[in-house]
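Chains as they are written, first to last, in the working numbering: chain A, 5 to 367; chain B, 109 to 478.
Hints may contain errors.
Claimed, not checked - Straight-line Cα separation of at most 27 Å, BS3-like style, residue types lysine-lysine; simulated pairs: (1) B:Lys191 <-> A:Lys285; (2) A:Lys299 <-> A:Lys355; (3) B:Lys459 <-> A:Lys103; (4) A:Lys285 <-> A:Lys103; (5) B:Lys399 <-> B:Lys459; (6) A:Lys299 <-> A:Lys285; (7) B:Lys191 <-> A:Lys299; (8) A:Lys176 <-> A:Lys103.
If you are wondering where the hints come from, they were derived from the structure by calculation, not from laboratory data.
Chain by chain, the residues:
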Amino acid sequence: MSRDRRSSTCACAAAVFTLFIASASSAQTPGPLNAITDVPGIEVGHFPLPSSDPTSPPPVTGTTVVVSRAGAVGGVSQRGGAPGTRETDLLRPENLVEKVNAVVLSGGSAYGLAAADGVMRCLEAQGIGFPVGGGHVVPIVPSAILFDPGRCAAFSVRPDASFGMGACEAAKGGPVQQGNVGAGAGARSGGSKGGLGTASTVLTTGASNGIIVGAIVAVNSSGRTFDAQGNFFAGFLELGNEFPLIGSSATEVVPPSSLLQNTTIAVVATNARLTKAQATKVAQMADDGLARAIKPSHGVGDGDTIFVMATGTDTRDATNLVNTIGSTAADTLSRAVVHAILAAVGDCRVKSYCEQFPQNCAK
Amino acid sequence: MKASDVCAVAFVALSVVASPGWAQVPGPNNAITDVPGIRVGHFTGNPLTGTTVVLAERGGQGVAGGVSQRGGAPGTRETDLLKPENMVQIVNAITLSGGSAYGLAAASGVMQCLEGQGVGFPVGGGNVVPIVPTAILFDPGRCGAPFTYRPNASFGLAACSAARSGPVQEGNVGAGAGAVSGGVKGGLGTASVVLDNGVIVGAIVAVNSVGSTFDGDGNLYAASLELAGEFGNLIPIQGGPPPKMSKPAAVPGGLLRNTTIAVVATNVELTKTQATKIAQMADDGLARAIKPTHTPFDGDTVFAVGTGRISMASLGDPAFAEYVIGSAAADVLSRAVVHAILSADSTPCEKSYCDLFPNACRNRKKGAQK
Chain A
5 MSRDRRSSTC ACAAAVFTLF IASASSAQTP GPLNAITDVP GIEVGHFPLP
55 SSDPTSPPPV TGTTVVVSRA GAVGGVSQRG GAPGTRETDL LRPENLVEKV
105 NAVVLSGGSA YGLAAADGVM RCLEAQGIGF PVGGGHVVPI VPSAILFDPG
155 RCAAFSVRPD ASFGMGACEA AKGGPVQQGN VGAGAGARSG GSKGGLGTAS
205 TVLTTGASNG IIVGAIVAVN SSGRTFDAQG NFFAGFLELG NEFPLIGSSA
255 TEVVPPSSLL QNTTIAVVAT NARLTKAQAT KVAQMADDGL ARAIKPSHGV
305 GDGDTIFVMA TGTDTRDATN LVNTIGSTAA DTLSRAVVHA ILAAVGDCRV
355 KSYCEQFPQN CAK
Chain B
109 MKASDVCAVA FVALSVVASP GWAQVPGPNN AITDVPGIRV GHFTGNPLTG
159 TTVVLAERGG QGVAGGVSQR GGAPGTRETD LLKPENMVQI VNAITLSGGS
209 AYGLAAASGV MQCLEGQGVG FPVGGGNVVP IVPTAILFDP GRCGAPFTYR
259 PNASFGLAAC SAARSGPVQE GNVGAGAGAV SGGVKGGLGT ASVVLDNGVI
309 VGAIVAVNSV GSTFDGDGNL YAASLELAGE FGNLIPIQGG PPPKMSKPAA
359 VPGGLLRNTT IAVVATNVEL TKTQATKIAQ MADDGLARAI KPTHTPFDGD
409 TVFAVGTGRI SMASLGDPAF AEYVIGSAAA DVLSRAVVHA ILSADSTPCE
459 KSYCDLFPNA CRNRKKGAQK
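Bound conformation, chain A alone:
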């Protein structure tokens, strides 16, 4: 090898090394709410509404809506094997409409797709949607569902348009309720109780300083989120001491789950200004966050679907940040999965994680 060659190899290696260091040391903290609503302009609503009576049983199914009143550039990754979806064709980068007004996550299997009708009505009444002339709008509301009917109630108990309407009317910024709420109300995960979880990440150094990424997820997976000792697969991604102490020595036999009636559905939001193609890439990378938090994921009976909403209030050209945003999205989504499992309470038949591993939830 010539001297010149060697030096260029060294320079290259150094550059790679520098990049690696830069990425690893890029400071990340959860946002003030550690919720998707840390992304400015993102609102979340659940239905059924929380009961004022703390002794009333939690809901058995429900709907969660993520709203961007100003519209957010959308993308999707649909890799689970048994999806139930609306308006995902519209999200392909080559298609005309760029911005989504809301994303609906709902229980109820394919019947629950009706919830999006209520969200459309709610947004239309507020004049929010794609303008089609004459002052009229068509709200753009992609949607995905999960399978929960018949678990703790009759098979015919399922979200309809009124659930979407109720969730949309309840949508607001601020803290987001987790656990047995909204789309996560009836969710189960690998033989334990699943649920609804959220998380956020604020990037504070370098070119990505000021980028915020949030995730919300309804975990209803055939796969598990923790090993036989109760260690979360995604426990290592903890930010700012957000999880209880991990590291139980107890071994719990977790009952097997139904392998063919599941689905984990999520929304990732960011304040970055992305194109549809970039939002699609971020959705694909975010999907790896499910892979790291749930084993197995994207199974035959999981309709796993991840939406991205990019609000663009950080107006910088984000072309060189897509990779950082995508990998942050994956980690944030993994953490939201852990939050969902930690916040869940047992249902009519299955235990929650914290009921199985109380010592891990003592904190």
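Take the given structure of chain A and dock chain B to it, following the hints.
Same frame as chain A, but now just chain B:
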């Protein structure tokens, strides 16, 4: 060249020549319902908008389906589920509806209708989830109609309850009720073909295209695909006045005002992968009948289903059978587009093709297509 090579070449040549030579006649109703296992129901609103549902079954179970979604402004439900790698292998019904994305609600009524009959994907305990992929077209607010009048779940329920085999009403009905097409009234059309090997292919389409179905002289692009005089003795227009083409109006904030949506069906047993390929080939039938098509403003979506009365294995090389069915599906869909345009009636806002070009239609026997 060895003798066996000569044979192979001769066989290929024969196959290519033989394909167009296959007898092709429309089925008895010249409708998608000529495919056994297919039933169609419309519900038409007033003002004009509506929903069309295509039910597909084999032995009371759903059948394999596929989709081609190439228009630039789609509104869809359950198309991800149709991807060949995904678990659910059946569809029970396809919903086509007006109402823009609001019209996706019609599918919830179709699901309700089918659940009531116990039809759907079994999920244990005797429960079912009906599999109902859906696409919509843009028609709200046309011709003075209130923008908020649009198909909802009750339209889907009514269309599903009305579904039957036999003749299918065309023109200003169902999903085609409020449709317009490149300057004339659009509508709902259907057609079928029976090949001499017993393969039946049918199509149904709601034509609501930005593009036009006829050239500058008024000749329908797909007129040459006519079978058995079905278009009723259309007269080629030579040097007539160019039609007054109403270009889509420039609407502030964007255009989302069209979309052609269709279902093709065959009596052959298909896998999801084969149904997907046939949907893709059928989509070319739109390209031949409508210019331009699949624009940014059209959400053009074509579904395909196979009702499984004939096994693919009985047709020889499956790839060649797919080729034949896909080619036939494209032609049948083109013909269904022509039927939609010829069957449409003028409204106070849009002239029908035959009212715009009375010379072309002057020898046309009313109802000749059926």
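Each hint tested on the structure:
| no. | hint | verdict |
| --- | --- | --- |
| 1 | B:Lys191 <-> A:Lys285 | holds, 20 Å |
| 2 | A:Lys299 <-> A:Lys355 | holds, 19 Å |
| 3 | B:Lys459 <-> A:Lys103 | violated, 35 Å |
| 4 | A:Lys285 <-> A:Lys103 | holds, 16 Å |
| 5 | B:Lys399 <-> B:Lys459 | holds, 19 Å |
| 6 | A:Lys299 <-> A:Lys285 | holds, 22 Å |
| 7 | B:Lys191 <-> A:Lys299 | holds, 23 Å |
| 8 | A:Lys176 <-> A:Lys103 | holds, 19 Å |
Checked against the numbered hints given earlier, the structure breaks only hint 3 and satisfies all the rest.
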